[in-house]
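Participant: All residue numbers for the sequence shown refer to the working numbering, where the first residue is 1 and numbers rise by one.
Simulated restraints, written as ranges between beta carbons of each label pair:
#1 14 / 242: 34 to 42 Å
#2 239 / 27: 34 to 42 Å
#3 75 / 28: 21 to 29 Å
#4 171 / 28: 47 to 55 Å
#5 51 / 267: 25 to 33 Å
Once the Cα atoms are required to be at most 30 Å apart in a straight line, the calculated DSSO-like pairs of lysine-lysine come out as:
#6 219 / 159
#7 281 / 154
#8 194 / 248
#9 154 / 219
#10 285 / 263
#11 159 / 248
#12 159 / 194
#13 154 / 248
Just so you know, these hints were derived from the structure itself, not from any lab.
Heads up, the beta-carbon is just placed ideally off N, CA and C, and yes, glycines get one too.
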Amino acid sequence: MQAWQVHENGEPGEVMRLAEVARPEPGEGQLLLKVRAANINFPDALLCRGQYQIRPPLPFTPGLEICGETEGGRRVIANPALPYGGFAEYAVADAAALLPAPDALDDAEAAALHIGYQTGWFGLHRRAHLQEGETLLVHAAAGGVGSAAVQLGKAAGAKVIGVVGGAEKAAVARDLGCDLVLDRRAGDVVGAVKEATGGRGADVIYDPVGGDAYAKSAKCVAFEGRIVVVGFASGAIPTPALNHALVKNYAILGLHWGLYARKDPRLILRCHEELTELAAKGAIKPLVSERVPMDGAAAAVQRVADGVTTGRVAVLPHGGAA
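Given these sequences and hints, build the entire structure.
Facilitator: So this is what it looks like as structure tokens:
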């Protein structure tokens, strides 16, 4: 089969190599899956760079979430078991963790429903307890993680403010349903949030960026607001001033979605059931901005790493319009 492999750490566009390799052999409790579509996540770039929390042995195939097909023909969503990731014609995954692909979504959309939407659901509902009528601020609202949070926030009845970088991404955020879109390159985000909320600030802030985005969050979070720390796509990990959280009465909430798979996997299934219902109603639909053929995977991962994409980018190992 064909698979992209990383033999040394570095930038995805430089270290990912397409090769002809043997199909992976499933281990105990695993299944071999035909990859129908593989979604690209920012952690795929971190894997290539050797900066992710998991460092698989070299060589490895990146690709952390797929829509795959079992030997019996079932369409499923899975997180492939590294080092046999999803940017390949076949991958392996733990059988107990497979989730049914929603009928309402095509293969590329289904592949994109998992990590980003699960992270959004756990962040907004399990951690921040977002309420109908509250104001949700989403950083990087046009990106893969942010676009999922925007849709989930709207589905929950929140007023959603999206922060983006650039006019093109602003247009995408508006199309996603943001009630207000702020271009961080073109104005004062903190002032605009306070003006839009009558001086109160945002009740919940969803931050997959870190760095300066977090600093702005602390300045415009509401009384008893909640800042959900999802990741650090900016590359800068902030050091919060806890005295500031104390005097303003807000909460800083960490979210590591992967822990739920180990601590309470039943919650992941419950979340997927809710996401499937929302997809069936049309309340959420992953924004897949690009569907690229197998030979375009390395360049696509690099674009995601560089932050120039919107929504999700899917790799189609077997071709077609999945």
